[in-house]
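Asks: Top line first, the protein sequences correspond to chains B and D. Take my numbering: the last position of the first sequence gets the number 125, and nothing is skipped along the way. Take my numbering: the last position of the second sequence gets the number 466, and nothing is skipped along the way.
Be aware that one or more of the hints could be misleading.
Claimed, not checked - Anything over 10 Å on all C-beta distances counts as not near chain D; from chain B, calculated: (1) 7; (2) 59; (3) 66; (4) 69; (5) 70; (6) 72; (7) 73; (8) 91; (9) 100; (10) 102; (11) 111; (12) 124.
As the list claims (entries may be wrong) - When the alpha-carbon atoms are kept at most 27 Å apart in a straight line, the in silico BS3-like pairs for lysine-lysine are as follows: (13) D:406 <-> B:109; (14) D:367 <-> B:102; (15) B:102 <-> D:383.
Said to hold, decoys possible - To spell it out: a stretch of chain D is covered by chain B in this simulated footprint if at least three of its residues, at any positions, have a beta carbon under 8 Å from a beta carbon of chain B; those stretches are: (16) 177-189; (17) 339-347.
Keep in mind that the hints were calculated from the coordinates and are not lab data. Every residue, glycine too, gets a C-beta built ideally from N, C-alpha and C.
Each chain is listed here by its residues.
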Amino acid sequence: MSRHVIDRAEEIPPGTRRVVDLDGRSIGVFNVEGTFYALRNRCPHHGAPLCEGPVSGTMLPSDPDEYRFSTAREHQIIRCPWHGYEFRLDDGRGLVKPETSRVKAYRVEVEAGDVVVYTR
Amino acid sequence: MSVSTAAAAAPDRATDVGVIDSDVHPNFEAGIRDLIPYMTDTWRQRMGFGQEGWETSFAASAFHLPLNYLHVNTAGAFRKDAAFEGKPPASDARHTARDLFDRHDISRGLLIAGQMFGIGAMPQAEVAATLASAYNEWMDERWLQVDDRYRGALIIAPQDPDLAVAEIERMAGRDAIAAIFMPLHEILWGEKHYHPIFEAAQRHELPVVTHPSGTESIFARAPKMAGTPTFYIEWHAGLAQIHYSNVLSMLCHGTFERFPGLKVVIAEGGFTWLAELMWKLDRDWQSLRDEVPWIKRPPSEYILDHVWCTTQPFVEPHKKEHVAQVLDMVCADRNLIFSSDYPHWDFDDPQRALAAIDPALRRRIMVEAPLEVYGDRIR
């Protein structure tokens, strides 16, 4: 397990992100309303820099002709800047085909005011 | 070595039903006038059938059935050998039973109104609905009661869902009715317009069958192609685009989420386009899912569960090995059912057209899959 201190937590305030290089891997660290997430910066579809895409809530499955948009924590997603594929921020699973489409999610903690990402 | 029919597709053991033909077209002897006995005096008057002689040959003298009057098939649109005793092909139920069922060893044939394809283009729904009711009576009396191998697709007027549902309610319980034939109309099939029809179809467990209408891009209320084709060959080879659009419309509107028991059969609309549609939509869904969040599964899965295409006119690729490949691509074991299109010119013989494909798959397409589509009504 490799421990990486990214920065002081207040330097990555809510609504921002930091893309860093850890052990040769590009990884995005996100602060969404005070919760930190870390994902590999590579879309499993075509290799796009996933972590440069927008972070948002998601449109939930619904009955025909109804829309239900959720910004709940468990519905926070990152959307690939190339083809718009959506991945959950917490576990990296694709909203579509979650069994096969997944981006690596890393454990991220705030330890003594530091944002810490654990790789491998 | 000749291909025996038994080898082509042995009957289902439990039902003794053999090859099922999902596209057979009964014809009138004298066109729309064959329906005169099956409508009221009032409607005969309304439709202009009171006139006789030279007047009947002019436009606006009486209703004519909308069909393809602007293109010519110089080979003739019908099998010449299907004519019988001077009457048009497939206008005699007994002769047709011999010529189709006996000669080609076909066990069941679904009748789809041969000259009524285009009624969805008529401007007054009540006229189309009256013709539909008259046709259904004609089909019942002249065909379904003549030979028990016939099954009927009850026709409806798609312009007016209330009238269409009333006709479904009137006819669904008749013996030998096995499907609903919904002619094409200008409105795409995913739209709310059709919900009452699909609800009734689902409730009666009747598949909804459609077919090229002969009016595409010719009449204003018919479905549009990209433009009006100049030639018959251009029109004929391009008909799949209508069905492609309708299936796409149903998938995007969540029609099969709304009506989970609905079955749709596309007769004579081609089928290789299913591969493009399934792949394209499954990929786009991953990007554009949030616009249509009611699509809860990969769109192709709805096609596999709810849509069937008929085989005729069967594909003849330049390389024979491509037949098996394209059948694999479109999941033919799930989505394809046999049709002959008797007595039209592009008829497929069940023993010849599919002779090159794997026997187990052929049996699936000719016997098992259609038994699943139509259920007890085809047995």
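Asks: Compute the least Cβ-Cβ separation between residue 66 of chain B and chain D, then decide whether it is above 10 Å.
Replies: Residue 66 of chain B not clear of chain D: closest Cβ-Cβ about 5 Å, inside 10 Å.
Asks: Find the nearest Cβ of chain D to the Cβ of residue 111 of chain B and say whether that gap is larger than 10 Å.
Replies: 24 Å, holds
Asks: Using Cβ atoms and 10 Å as the threshold, tell me whether residue 124 of chain B really stays out of contact range of chain D.
Replies: 27 Å, holds
Asks: Would you check chain B against the region 339-347 of chain D, counting CB to CB pairs closer than 8 Å, and say if three or more residues qualify?
Replies: Holds: 5 residues of the region 339-347 of chain D have a Cβ under 8 Å from chain B.
Asks: Is the claim that residue 100 of chain B lies outside the interface with chain D correct, judged by CB distances over 10 Å?
Replies: 7 Å, violated
Asks: Any Cβ of chain D at or closer than 10 Å to residue 70 of chain B, or is the non-interface label fine?
Replies: 7 Å, violated
Asks: Run the C-beta distances from residue 73 of chain B to all of chain D and say if the shortest one exceeds 10 Å.
Replies: About 7 Å separates residue 73 of chain B from the closest Cβ of chain D, which leaves it inside 10 Å; violated.
Asks: Test the statement that residue 7 of chain B is away from the interface with chain D: the closest C-beta pair must be farther apart than 10 Å.
Replies: The claim holds: residue 7 of chain B sits with its nearest Cβ about 32 Å from chain D, beyond 10 Å.
Asks: According to the definition I'm using, a residue is off the interface if its beta carbon is farther than 10 Å from all beta carbons of the partner; does residue 72 of chain B meet that for chain D?
Replies: 7 Å, violated
Asks: Was residue 91 of chain B rightly flagged as not at the interface, with every chain D Cβ beyond 10 Å?
Replies: Per Cβ check, residue 91 of chain B is inside 10 Å of chain D; nearest 7 Å; violated.
Asks: With a cut-off of 27 Å on the C-alpha distance, tell me whether residue 406 of chain D and residue 109 of chain B pass.
Replies: 44 Å, violated
Asks: Just checking, residue 102 of chain B versus chain D, shortest CB gap more than 10 Å?
Replies: Since the minimum Cβ distance to chain D is about 7 Å, residue 102 of chain B lies within 10 Å and the statement is violated.
Consistency with the previously given hints fails for numbers 3, 4, 5, 6, 7, 8, 9, 10, 13 and 16, ordered from lowest to highest.
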